[in-house]
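Enquirer: Residue numbers (the working numbering), protein chains in the order written: chain W, 1 to 219; chain Z, 1 to 355.
Hints may contain errors.
Straight-line alpha carbon distances no greater than 27 Å define the calculated DSS-like cross-link-like pairs of lysine-lysine that follow [claimed, not checked]:
no.: 1; chain 1: W; residue 1: K29; chain 2: W; residue 2: K7
no.: 2; chain 1: Z; residue 1: K159; chain 2: W; residue 2: K115
no.: 3; chain 1: Z; residue 1: K46; chain 2: Z; residue 2: K227
no.: 4; chain 1: Z; residue 1: K173; chain 2: Z; residue 2: K98
no.: 5; chain 1: Z; residue 1: K159; chain 2: Z; residue 2: K177
no.: 6; chain 1: W; residue 1: K55; chain 2: Z; residue 2: K273
FYI, nobody ran anything at the bench for these hints, they're computed from the structure.
Listed below, chain by chain, are the residues.
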Amino acid sequence: MSLLELKDVSMAYGGKVFALQDINMTVEKGEWLAIMGPSGSGKTTLMNIIGCMDKATSGTVILDGIDLTDVTHQQLTTMRRDKIGMVFQQFHLIPYLTAVENIMVAQYYHSLPDKKEALAALDRVGLEDRANHLPSQLSGGEQQRVCIARALINYPVLILADEPTGNLDEANERLVMKIFHELHDEGHTILTVTHAPEVGREAQREIIIEHGRIANSEV
Amino acid sequence: MAIALLAVAVGATIISGMITVYREIPQQMGREFRAYGANLLILPGKDRSTLSGDEVKKISDSLSDYEIVGVAPFLYERLKINEQPILTGGADFAMLQKVTPYWQITGNWPQEGKQEILLGDEEAQRMSIKPGQTVLVSAGNDAAEQTFVVSGIVHTGGKEEQFAFMDLALLQKMLQKEDQVSLAQISIVADGTVLENVSKMISEKYPDVQPQLVKQIAHSEETVLSKLQALVLLVTMVVLLLTLICVATTMMAVVTERRREIGLKKALGAENKNIICEFLGEGCILGFFGGVLGAGLGYLFAQLVSMNVFGRTIEFAPSIAVFSIVLSIVITGIASLIPVRIATNVEPAIVLRGE
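The following block holds chain W by itself, in its conformation from the complex (with noise of 0.2 Å):
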C-alpha cells in the first residue's frame, strides 16, 4: 500500500474557481517525490491538502492508511502532529526561544520536551553548537537546518518540504540538500514543492503541476 494516495482531488473556491483539479497521484514510503510548477499552478494547495492543513473539495486523499475524506478538524491536526514534518521556505521559528527551544515546541504538542532528544536532532544537522542561539543570531542556512531538525523531532511518516531552498544562498542549499539526501538514504519519505528545476532534479520523480493539473505523464 502506498504511503500517500490522491484519487481525483480537486480544489474549488466558491464552487467555481479551480487551484486543483483531478489530481491523481501515489507516493510509496521511503520515496522523495518533488512537485513543481510555476507560481499560482496550485502547488501550495496541494501541499496544504498534502499536509494536512486544508481539505480537498473533492477527491480522496489516503495518508499511511487514513482516509482524510471525512476526517474532522481535530482529526486533521492530529494527522499533522503525528505523520507530518513540516519544512518551510520562511523558516517560520519562534523569533523569542532558542534554536533547541523552537524543536521542543515540536515535541510539547506532540508528546513531551525532552532537551537531550532536541539536542540530538540539532547535532543530526550539524547545529548542537547552535543550540542556545535565537534565530536572529543564526544564518538563513542554518535556520532552515533548525527547520528540518524541527520536522525530524517526532518521527514523521512523511516530510513536506516547501520551497526549503528559495530563501538560501547557493552554499546553504547545497548543504540543506546534502541533508535531504541523507534522510532519503535513511529510509524517510519525502515531498518537496519548489518551482527550481535543479531542487527538483534532486528527487527522485518529479510531477509538474500547471493550472492545477497534473501537466507531466510520469506519475
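Knowing the structure of chain W, use the given hints to seat chain Z on it.
Expert: Quick look at chain Z alone, frame taken from chain W:
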C-alpha cells in the same frame, strides 16, 4: 504586553484603592460626623427626673465594644445670674469638648472646681457681659449668691447660646443634687443601624433609663454615607469596565502580532485547547502580576486619599489585596476571551504563506 500589565496594574490600583476607601468611608466619615455633636442621649426613665452618675458610668462601660468619642453628663437647672433666670447646665468640660467640638469659645473653658461660668452668646449680649467679668449666681430666691468669673462666651448657632454652663460638681453641690444628672450625651462612631442596636441594648439592659437617638444627625450621616458609597462604587465599576476594554484591546493586538506564531504552532499540531490555555494562561499571569502591583499601589492610593481627606491613616487589609488580585485575574481572563477566540480561528495554511 507591558501596556496590558500597566492597564491591569492601574485598574487594580484604583479598584483596590476604591474598595479600601469604600470600606473605610463609614468609619472615617462617622468620625467626621462626630464633630456635629452627640448622636445618642440617655434620659431618665418614666417617673424620674434625674440619672445617677453611677448609672451613666455603667452605661458608658457597657459600650466598650464601640468607638466612643465621649460621654458628657449634664445637670440642668434654672439659676439666677445677675437676677436673671437662665437655664444653666452643669457639665464635665473635658468630656463636653470631645462631644461638642463645634462649640466656639471666646475666652476660655471654665476650669474644674473653680467658680467659673460659660455664658451663651445671646445671654452675654443681653447682659452686656464680657469674658473676665464677674456675675452673681444663686440657686433660687432664698439661696445665697455666689460670685462666678465669666471665663468665656459660647457660640454654637443653637439654643446653647441662651444657656450658661458651669462645672458639674459645683452645680450639683449648689443644688444639693450630688451625683445626679439630667441627661448624658454620648458621641459614638456608628451608623444608623448600629446606633439603633445600641439604643435597643441600653433599653433592655437598663429599663430605668430612656435612650434617644439624635435622629437628624444619624439620618444625615446615613444619607451622605450611602451617596458617597454609591459614588465610589460607580467609579469602581467604570474603572473595571475601562480596564476590561483596555486589556481586551491589548490582548487582541498581541494575538494579531502573533498570528504567524499561532499558525506555526497549529501547523506543528497544537490543538485549539493548547492555544486557549496558552493565551488564557498568559492573561491570568498578567492579571496576577498586575493585581499584585495594583493591590500594593492601591493601598498607597487609599492611604493618600485617607490622609488628605480624613487626615487619618488606614490599615492594610489583606482581604482587599487578595480580592483585587483575584478580580484582576478574572478581568484579564474575561478580557482574553475574544482575543483567544480570534487565536483559535487562525488558519495555519493562510498565515504561514504570509496572508
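Enquirer: Against this structure, judge whether each hint is valid.
Expert: Status of the hints after comparison with the structure:
1. K29/W x K7/W: Holds. K29/W to K7/W sits at ~18 Å (cutoff 27 Å).
2. K159/Z x K115/W: Violated - the C-alpha atoms of K115/W and K159/Z are around 88 Å apart, more than 27 Å.
3. K46/Z x K227/Z: Violated: K46/Z and K227/Z sit about 39 Å apart, past 27 Å.
4. K173/Z x K98/Z: holds (24 Å)
5. K159/Z x K177/Z: At roughly 25 Å apart (the allowed maximum being 27 Å), K177/Z and K159/Z satisfy the hint.
6. K55/W x K273/Z: Status holds; Cα separation ~21 Å.
This entry does not satisfy hints 2, 3, going by the numbered hints stated previously.
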